[in-house]
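Q: Chain by chain, the residues:
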Amino acid sequence: MPSSAPSFRDPAGCCHVFNHRVLRFVAAAALAEFEDFLQTASANKFIAERKLVATRRLAENETAELRAVSELKPVFAALDVGAVFEHGRISFASHPHEWSPEMLREAGRLTLDLARAALADGFGLKDATPHNILFRGHEPVFVDLLSFERRHPGDAIWKPYAQFVRTFLLPLLANRRWGLSLAEIFTTRRDGLQPEEIYRWCGPLEKFRPRTLSLVSIPTWLSRKADPDEQKIYQSQLLADPEKAQFILESLFNRLERQLRALAPAVRKNSTWSGYMTTHSYDDPAFAAKEKFVAEALAEFKPARVLDAGANTGHFSALAAQAGAAVVAADLDAACVGQIWRRAREKNLDILPLAVDLARPSPALGWRNREQPSFLERATGAFDGVLMLALIHHLLVTERIALEEILRLAAELTNQLLVIEFVEPNDAMFRRLTRGRDHLHVGLNAAVFERACTAHFEIVRSRALPGTQRRMYCLKRKAGQ
Amino acid sequence: MILAYVDPGLGALVWQTVISAFVGLLFYLKKTRRWIVNFFRKIFGSRPIEPKTPPPVVESVEIKPDAR
Chain A
1 MPSSAPSFRD PAGCCHVFNH RVLRFVAAAA LAEFEDFLQT ASANKFIAER KLVATRRLAE
61 NETAELRAVS ELKPVFAALD VGAVFEHGRI SFASHPHEWS PEMLREAGRL TLDLARAALA
121 DGFGLKDATP HNILFRGHEP VFVDLLSFER RHPGDAIWKP YAQFVRTFLL PLLANRRWGL
181 SLAEIFTTRR DGLQPEEIYR WCGPLEKFRP RTLSLVSIPT WLSRKADPDE QKIYQSQLLA
241 DPEKAQFILE SLFNRLERQL RALAPAVRKN STWSGYMTTH SYDDPAFAAK EKFVAEALAE
301 FKPARVLDAG ANTGHFSALA AQAGAAVVAA DLDAACVGQI WRRAREKNLD ILPLAVDLAR
361 PSPALGWRNR EQPSFLERAT GAFDGVLMLA LIHHLLVTER IALEEILRLA AELTNQLLVI
421 EFVEPNDAMF RRLTRGRDHL HVGLNAAVFE RACTAHFEIV RSRALPGTQR RMYCLKRKAG
481 Q
Chain B
1 MILAYVDPGL GALVWQTVIS AFVGLLFYLK KTRRWIVNFF RKIFGSRPIE PKTPPPVVES
61 VEIKPDAR
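Respectively, the protein sequence lines represent chains A and B. Under my numbering, the residues of the first sequence are numbered 1 to 481, in order. Under my numbering, the residues of the second sequence are numbered 1 to 68, in order.
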């Protein structure tokens, strides 16, 4: 695997993924401070709680071996490397544009918890962005350990405050007030929403609502009044009394936490698909048969990593997680994703829910499109099992994707198992989607579907769901595909 | 070492400074209240309220006088 650079903005070091290893190259000038942080009580506590990523310093001989690797030579040439550290790998990297608002809020809470805890050890965060965080299942993990720096005990200003507001609070506010999705915000803006941008969207009354006033309107008015060329404002003004500085910062963190709590995403009861489990077209025996079929396939193949594509409320993601798999549950409906996340957290299931539309998966983003690889780049070959349940008709009809293409994608995603539900064109839901365009799917039937499957898969077994026009298939990817 | 590289904003930074100054006043109110409580506790022989331990002082950084 070639080296990729998910992090490079910080002059204190950079992070590269090389041969499935996550390596952090720390500049010689920042090394002592970095190691001091790793010794602090707060770092040890959060690493033990798995909220900070596990980290070990590579021995001299290991670093020397890396220096000899041609792909890493540019890294050593660009940075005066003091030491290399290896982080524990998070099985599936996800990004804020794929999260639900609940997940962004949880990531914000972790950021504040860490900032508050590090304060007691004389350290602070130099940045406060969701890009510092990945999710291990439903739990956020802070991965950018170079974000911690020693802070002056008399400094009462938290420099990343504005970034915390831009990347956590304002996206949550925009999602709550205007229904803007995190995908819309973060695919087009690395550093979140500017107060000035939101100010333009606000009506006269909105500008004076308490939350908008403090997060959007007052900063906008102040930035208009302030002289943009005045550099003095950016210089730290240090207090003589460290206790006072600590009091001010703690009060700031408490205030931000209250704001984060107040911006909890509204639980939408009527999103397009979140009520699917109670309104779907199966009767109880059909649903029980479907559940039994999936459970049997999971028990037989025992996939360690499962992608539930079109997860809806995550019923089958939970089934896979209970069978011992680490599950990525992808659905295009952010309300469904939020629902899955809450359920996974309540039941402590290893499920990472992501707002991803399989027909328009998240693109590669950032500098040279290399900071955040596309969803398919991360997902290709990353799973031992893929579930495509009640999904195929949405791809065939709504997205107009050819059957062969759907199966080709499935074969790229899974290394072994595919459990797929075939829906006949005369199924009620299929017909609801076609809206009179039935002629486009004339000739599609189980035999045609099975023939298309054999291009990439062996059919292990299939079973019709009683009383429906649907059939379940357990497929095994052919070797060498 | 301060290697902050994040855009601190402009309006948000000014607003944070204004709020910090206000919270700083609350700190003195809290300190005064603690002093009064401790004064009476001393009279009645109770243990005084201890202030929170401030974070460790970094020796390499010089503390400048209060700018506010």
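Note that these hints are calculated values from the structure, not bench results. Please note that a few of the clues may not be correct.
[Stated by the list, open to error] Computed footprint of chain B on chain A; a stretch qualifies when at least three of its residues, placed anywhere within it, have a C-beta under 8 Å from a C-beta of chain B:
{"hint": "1", "segment": "163-174"}
{"hint": "2", "segment": "240-254"}
{"hint": "3", "segment": "359-370"}
[Claimed, not checked] Quick list of simulated restraints, FRET-style, between CB atoms:
{"hint": "4", "chain 1": "B", "residue 1": "Lys30", "chain 2": "A", "residue 2": "Glu257", "range": "16 to 22 Å"}
{"hint": "5", "chain 1": "B", "residue 1": "Val18", "chain 2": "A", "residue 2": "Arg177", "range": "22 to 28 Å"}
{"hint": "6", "chain 1": "A", "residue 1": "Arg255", "chain 2": "B", "residue 2": "Glu50", "range": "30 to 36 Å"}
{"hint": "7", "chain 1": "B", "residue 1": "Arg47", "chain 2": "A", "residue 2": "Leu213", "range": "40 to 46 Å"}
{"hint": "8", "chain 1": "B", "residue 1": "Lys30", "chain 2": "A", "residue 2": "Pro210", "range": "54 to 60 Å"}
{"hint": "9", "chain 1": "A", "residue 1": "Gly203", "chain 2": "B", "residue 2": "Phe40", "range": "28 to 34 Å"}
Where a beta carbon is used, it is the ideal one built from N, C-alpha and C, also for glycine.
Q: Go check the segment 163-174 of chain A versus chain B for me, would you? Three or more residues, Cβ under 8 Å, otherwise it fails.
A: holds (count 3)
Q: Checking C-beta pairs, does the segment 240-254 of chain A have three or more residues closer than 8 Å to chain B?
A: With 11 residues closer than 8 Å to chain B, the segment 240-254 of chain A meets the three-residue bar; holds.
Q: Taking the CB of Val18(B) and the CB of Arg177(A), does the distance hold inside 22 to 28 Å?
A: 25 Å, holds
Q: Given a hinted range of 40 to 46 Å, is it respected by the beta-carbon distance of Arg47(B) and Leu213(A)?
A: Because 43 Å falls inside the window, the suggested range holds.
Q: 54 to 60 Å was suggested as the range; check whether the CB atoms of Lys30(B) and Pro210(A) agree with it.
A: Given range 54 to 60 Å: violated, Cβ gap about 24 Å.
Q: Cut-off 8 Å, C-beta pairs, minimum 3 residues; does the coverage of the segment 359-370 of chain A by chain B stand?
A: violated (count 0)
Q: Just tell me: holds or violated, for the beta carbon distance of Lys30(B) and Glu257(A) against 16 to 22 Å?
A: 20 Å, holds
Q: That 30 to 36 Å hint for Arg255(A) and Glu50(B) (C-beta), does it hold up?
A: Distance hint for Arg255(A), Glu50(B) is violated at roughly 25 Å.
Q: Taking the CB of Gly203(A) and the CB of Phe40(B), does the distance hold inside 28 to 34 Å?
A: 53 Å, violated
In summary, the structure is inconsistent with hints 3, 6, 8, 9 from the numbered list given earlier, while agreeing with the others.
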